[in-house]
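Undergrad: Protein chains in written order, with this note's numbering: chain A, 1 to 221; chain B, 222 to 429; chain C, 430 to 683.
Hints were generated in silico from the structure; no laboratory data involved.
Hints should not be assumed to be uniformly reliable.
Label pairs and their computed distance ranges (CB to CB) [what the hints assert, rightly or not]:
hint, chain 1, residue 1, chain 2, residue 2, range
1, A, Leu205, B, Gln257, 31 to 39 Å
2, B, Glu327, A, Leu210, 16 to 24 Å
3, B, Met352, A, Asp156, 24 to 32 Å
4, A, Val107, C, Arg561, 36 to 44 Å
5, C, Ser486, A, Lys72, 46 to 54 Å
6, A, Val131, C, Glu584, 41 to 49 Å
7, C, Ile663, A, Lys72, 27 to 35 Å
All of these numbers come straight from a predicted model, not from anything done at the bench.
Where a beta carbon is used, it is the ideal one built from N, C-alpha and C, also for glycine.
What follows is the residue order along each chain.
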Amino acid sequence: MVMWRALVQRELQLLGRQKADWLNPLVFFLLVLSLFPLGIGPEPGMLKQIAPGLVWIAALLSVLLSAERLFKDDYRYGVIEQLVAGRQGLFSYVTAKICCHWLSTGVPLVLVSPLIAVLLGLDWQSWQVLVVTLLLGTPVLSLLSVLGAALTMAADKGGILQALIILPLYIPLLIFASGAMEAAATALPYTGQLAVLLAFLLFALALVPLAVRQALRMNVG
Amino acid sequence: MSIILAAEALSCVRQDRVLFENLNFQLSAGQVLYIQGKNGAGKSSLLRLLAGLTLPEDGQILFRGKPLSGQSEEFAEQLLFIGHHSGIHPQLTALQNLAFWSALSEQAVADPYQLLGSLGLAGLEDIPCFMLSAGQQRRVSLARLWFSTKPVWILDEPFTSLDQQLIATLEQHFLQHLAKGGLIVLTSHQSLSADYPALQAIELEYRW
Amino acid sequence: MWGSMFRWLDPYAKPETLYHLCGRLLPYLMGLALFTLLLGNIWGLAFSPSDYQQGDSYRIIYIHVPAAIWSMGAYSSMAIAAFIGLVWQIRVAQWAVLAIAPIGAVYTVIALLTGAAWGKPMWGTWWVWDARLTSELVLLFLYLGVIALAGAFSEAARGIKVASLLAIVGVVNLPIIHYSVEWWNTLHQGATITKFAKPSIDPSMLWPLLISLLGFALLLAALTCLRLRSQILIFEQHRPWVRQWVDQQQGERG
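Make the full structure from the sequences, and use the hints.
TA: Structure below.
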């Protein structure tokens, strides 16, 4: 636990020094959202109808892009190599990375969600559901993005490759998160969708850190 | 004396090029394995094999007489590996880097200021490492050797960009580690100047 | 227990043995594959009766259904090979992942294209977001991800390991994706799309389908052997046995 706290502290120190790592995805998110009304017209009815899919696609793109550089520095400076050789700290390192990635990308999305509600004309009820889906869904986004970053860490080609391998895995999340919001918008029950999102989260929490650790080992091996 | 680390008929292939073949050695406590060779001769690849990061093309590595592959966890617990890259994040300060590595090895550093000071880094503890020179960064990285309790050290070019005085300090520290029953595998361009009790040298040829 | 049970398989983990085994199997597999494919398709396309509802356009199932089924079968085999390759550190199993991936991707493309061609007379449009077609499309993306990841590393052996891990992640996710898409599809079912009730298939239509299914499986096996052989040669080119074998081949040719 002492070790884990120190590792989280290190990630936070790095986030403090490299503010662009978490500010850029947030600006990107808002920018993408404001492009849609410009592209398809600002009618409130239309915006309200497409809002669920829109918010979730923008969220997954911004979280995905923010993860790209996650391991690059530690890989380049030999930190990962030495962690893999020493073994015992690697898993704590992985969980600290995932945790801080969510804190720096998922949580800000929740915090700006009132702004999104205003921009897309969501009512009180829809906003509440948006917040719940973001709280349940963005940790899954972080987990999968970190996995993508770990898989492609030592690859010669970055960016788009990570999107190519991870975006298909996001599909269930996209379906159920926007499904919950759509159901709420039409006053249908949505607890089922939220339960499925929670199941995804628990499932990903159990398996993804192990896969990330394995991916890191392979990338230096 | 019992043999701790041994290689049997080890060979290594990288990018379709055979780096070395049929390499053998045996190391017991208190011994140094000094690996020499030109750039690209496979020194770093050999260290990575010994650290368990990669698997040999042929042959095997023995740890306490048994194949390394079956007991990699036990071996990792005994191992301190500092590779070709220093393991220092340039955006963090010397103290923060030190705190990271001490937390990972679960070894608290009694007085980090004193430790960094003794390595000639007094006054530079709170500056991000990208502002330090290559030699100073190397010292931050090597500071780990002063609080590590691991017996097996595998070090890739530890003397690079260090001045004469610090090389002497480091070699003195090596001698202390060996006297406590430690074991060191290292590569270096420079020849070793201290008087080691049991030194084995391997020269890797550059092969096409 | 497991160790001793599969001990007889050990020699085949040796690249040289496997290379020659694949070489011996290849002509039989290829011959059988061509025979069953021709038999199944000629029977299905020319001799089986036409459907009372869909006329002759249903006949595309003799290509579409086997390709779709084996596109998923290939992904599962690839994931099994990946699992064996990673857990027991067997390199030939990792190479098999790379051997199967493009074949599976081509099967998926065949399933998608024939699905679209079938959709035109049935639905009046080349593409509908039908649950099965959408799942098949996602499967294609998963294949492309594995292939792209394997090729993205300058050190090929590393790329294959990482791609194997992705294949395993993909196969864990595949059922989740499949059922999510199905749920989504029932939610968004458009009114224009009429879903056919699943009719029980007449034996005269079923037999050519089963033969065709077998043909696609044999073709998958044959192509895997072919590709695995070239993978083995690529990764083992510096080994003495490859050199000897090449010299021997050249000697035989004079």
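Undergrad: Look at each hint and say if it fits the structure.
TA: Each hint tested on the structure:
1. Leu205(A) <-> Gln257(B): 31 to 39 Å: 49 Å, violated
2. Glu327(B) <-> Leu210(A): 16 to 24 Å: Given about 22 Å between the Cβ atoms, the range holds.
3. Met352(B) <-> Asp156(A): 24 to 32 Å: 30 Å, holds
4. Val107(A) <-> Arg561(C): 36 to 44 Å: 38 Å, holds
5. Ser486(C) <-> Lys72(A): 46 to 54 Å: 52 Å Cβ-Cβ, so the 46 to 54 Å window holds.
6. Val131(A) <-> Glu584(C): 41 to 49 Å: With Cβ atoms ~45 Å apart, the hint holds.
7. Ile663(C) <-> Lys72(A): 27 to 35 Å: At 29 Å between Cβs, range holds.
In terms of the numbered hints stated before, the structure departs from hint 1 and from no other.
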